[in-house]
Amino acid sequence: MSHRVKSYAIINTSASFDSLKGKESLDAALILASYEMPVSLFFIGDGVYQTINAQSAETIQAKDYIATFKALGFYDIEDIYVCNDSLDARNIATTSVLADAQCCDKHLIKSKLEHCDVVLTF
Amino acid sequence: MSHRVKSYAIINTSASFDSLKGKESLDAALILASYEMPVSLFFIGDGVYQTINAQSAETIQAKDYIATFKALGFYDIEDIYVCNDSLDARNIATTSVLADAQCCDKHLIKSKLEHCDVVLTF
Amino acid sequence: MKPLPPTIHLIRTSAFADNKLQLCIDTLGVNDELFLLDDGTYNVNHALLTNLSNPVYVLDEHLTSRAVSAAEFEVINYVDLVQATVKAGKVITWQ
Amino acid sequence: MKPLPPTIHLIRTSAFADNKLQLCIDTLGVNDELFLLDDGTYNVNHALLTNLSNPVYVLDEHLTSRAVSAAEFEVINYVDLVQATVKAGKVITWQ
Amino acid sequence: MTTFALIVSTPPTDNKTSTALKFAQTLVSQGHNITGVFFYQDGVINANHLVQTPSDELNLMSAWQGFNKESGTPLHLCITAAERRGLTDSLDNDLNPNVAENFTISGLGELVVLTSQADKVVQL
Amino acid sequence: MTTFALIVSTPPTDNKTSTALKFAQTLVSQGHNITGVFFYQDGVINANHLVQTPSDELNLMSAWQGFNKESGTPLHLCITAAERRGLTDSLDNDLNPNVAENFTISGLGELVVLTSQADKVVQL
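Chains as they are written, first to last, in my numbering: chain A, 58 to 179; chain B, 58 to 179; chain C, 253 to 347; chain D, 253 to 347; chain E, 586 to 709; chain F, 586 to 709.
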């Protein structure tokens with residue numbers, strides 16, 4: 058079977074510094090994009106914490122992979138969805154979230170997921 | 058500072074086959090008992106699943122550390138508390154639970170924990 | 253338009269301990285199917301599944317090893333699981 | 253009888269994702285104190301802490317790194333945490 | 586026949602890894618093809634040949650190796666994830682390579698290749 | 586001065602381990618004594634000298650070693666837990682020992698000794 062272009066969704070459900078999940082998820086997204094596969098990123102549940110702007114990984118000597126989020130457009134990753142319901146539940150204002158991301162409700166997330174070929178969760 | 062006899066509590070909050078938590082918790086309990094330290098075991102939350110009698114680890118090629126629970130009395134570990142509230146929430150009958158364990162409510166568990174010198178959680 | 257084949261969701265953790273099943277249900281399509289594996293089999297007794305209209309399947313070995321019974325759900329084996337993944341549009345794992 | 257010194261509880265996970273904080277609260281003594289560390293700092297916004305009468309402290313570095321503010325709780329540093337463990341009867345970690 | 590790609594993210598100390606193995610074995614026994622198993626995150630520890638499993642327990646490293654030999658399914662190890670968790674393929678600096686035989690040293694790019702060539706992707 | 590025993594259960598890939606280190610450092614800087622740090626469960630991976638940490642990140646193995654050298658605090662490795670996770674102290678069967686210097690090979694009995702000799706036990 059030959060190499061085919063597929064659309065990928067990556068769902069993040071883990072907070073920023075929970076093991077390396079956020080970092081290893083981002084690594085996977087970037088490599089997929091570098092192979093010119095369409096990639097959408099979804100942040101739901103505690104995953105929404107990854108998208109908060111003012112985080113400072115260096116304060117706790119963690120790897121600052123979050124900084125790379127600002128460069129996602131450079132990798133042609135432009136479909137970034139953050140779950141409004143999860144933000145609300147955690148008392149996070151949508152204005153605190155990565156500007157390149159789209160805050161949307163879970164119904165929109167569901168319909169976006171339906172049209173991806175491969176879904177990975179982290 | 059010299060070696061002193063202390064009373065230990067070990068709280069189990071993880072289900073039977075969730076990583077090696079149950080097994081490594083039991084290993085710690087047995088070694089404490091072998092040094093003649095008083096040890097109490099507490100099963101709360103998903104930890105109560107560890108105490109169900111009819112489990113069969115071999116079905117999923119897991120280590121059958123659960124079988125050792127029946128021998129706890131031999132190690133002088135007799136204070137085994139299983140949270141009734143957690144059992145109820147999970148629809149588990151107290152009759153399904155390890156006979157040597159005492160099913161009790163969270164208030165009793167709280168008061169038992171208060172009198173232990175060291176508390177470890179798994 | 254031909255309907256998309258269903259997405260199947262593999263649930264591998266207990267909803268009594270974490271929120272993975274809830275996150276799955278929040279984005280569940282109407283034709284999607286749930287497969288309870290590993291500690292996910294404990295969810296047969298969780299209220300989140302009580303009123304769910306989607307099909308729910310449970311892996312026999314994982315139930316038996318945990319001494320859980322699942323009167324209300326269809327119990328399957330690995331071959332059934334493989335066949336379901338073959339028919340599915342895609343597989344999403346919650347772990 | 254002299255009262256026992258308080259037990260302090262270190263909370264290291266988010267109650268939005270798992271049940272550890274709930275398990276802690278279920279067995280919390282009236283004089284016990286809670287210390288929110290690591291992802292446990294996210295709990296400053298969780299309803300479980302809203303009506304809790306026990307003292308709750310939050311580690312500054314862990315709040316700052318996560319860009320979380322905690323107007324309602326006392327923010328402490330590692331030295332404060334060490335002093336609290338010295339005074340405590342014992343320490344229980346929920347992780 | 587359907588072609589699958591598998592991603593294994595759980596370590597050998599987690600019983601979920603046995604589920605992944607059994608799923609892979611069932612795929613093959615049912616006549617399906619697997620482009621490869623990609624070991625990522627804590628799953629890389631499955632390839633550490635220094636892991637010592639008690640003799641009365643399933644040795645997952647040997648079991649994956651046996652699966653590779655019997656089915657010819659490639660086992661790809663994400664070396665970046667592996668190096669952070671105590672595996673190395675390097676002979677420099679007195680490091681002794683400890684990646685088990687039958688596992689192929691790969692990069693994340695292999696994840697793209699394996700999954701894009703498969704009809705179905707299953708992450709376990 | 587209070588005497589502490591510490592138990593570290595989290596791997597170097599988890600930022601919680603930095604918290605444990607910083608707590609240990611603060612204890613010492615505040616004049617307290619630590620009977621020992623006991624590495625158990627996934628915490629044993631901290632002692633794997635094959636772990637390679639990117640240069641722009643905190644190398645926890647080195648940091649624990651530095652803590653041992655500066656404070657004299659013993660670092661005890663539960664060898665049973667370690668062997669399951671890819672560490673070995675054996676020279677048999679072509680295994681090359683990969684337990685980092687400054688870590689002491691111990692059994693679970695050491696957990697009892699360390700904790701029973703301490704005024705306070707903190708598990709991290």
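Calculated directly from the structure, the hints in this document are not laboratory data.
Model, not experiment: these values are computed from the prediction.
Built from N, CA and C at the ideal position, the CB exists for glycine as well.
Please note: incorrect hints may appear among the correct ones.
Here's a subset of chain D near chain F, in silico, CB distances under 8 Å, partners left out [stated by the list, open to error]:
#, residue
1, D290
2, V296
3, L300
4, T345
PhoX-like cross-link-like pairs, simulated, lysine-lysine; straight-line CA separation at most 20 Å [to be verified]:
#, chain 1, residue 1, chain 2, residue 2
5, B, K167, B, K63
6, A, K63, A, K169
7, F, K654, F, K607
8, F, K654, A, K120
9, A, K63, C, K339
10, E, K654, B, K120
11, D, K339, B, K63
12, E, K607, E, K654
13, A, K63, A, K127
14, B, K169, B, K63
Now for the hints, and whether the structure bears them out:
{"no.": "1", "hint": "D290", "verdict": "holds (5 Å)"}
{"no.": "2", "hint": "V296", "verdict": "violated (17 Å)"}
{"no.": "3", "hint": "L300", "verdict": "violated (21 Å)"}
{"no.": "4", "hint": "T345", "verdict": "holds (4 Å)"}
{"no.": "5", "hint": "B:K167 to B:K63", "verdict": "holds (18 Å)"}
{"no.": "6", "hint": "A:K63 to A:K169", "verdict": "holds (14 Å)"}
{"no.": "7", "hint": "F:K654 to F:K607", "verdict": "holds (15 Å)"}
{"no.": "8", "hint": "F:K654 to A:K120", "verdict": "violated (26 Å)"}
{"no.": "9", "hint": "A:K63 to C:K339", "verdict": "holds (18 Å)"}
{"no.": "10", "hint": "E:K654 to B:K120", "verdict": "violated (26 Å)"}
{"no.": "11", "hint": "D:K339 to B:K63", "verdict": "holds (18 Å)"}
{"no.": "12", "hint": "E:K607 to E:K654", "verdict": "holds (15 Å)"}
{"no.": "13", "hint": "A:K63 to A:K127", "verdict": "violated (24 Å)"}
{"no.": "14", "hint": "B:K169 to B:K63", "verdict": "holds (14 Å)"}
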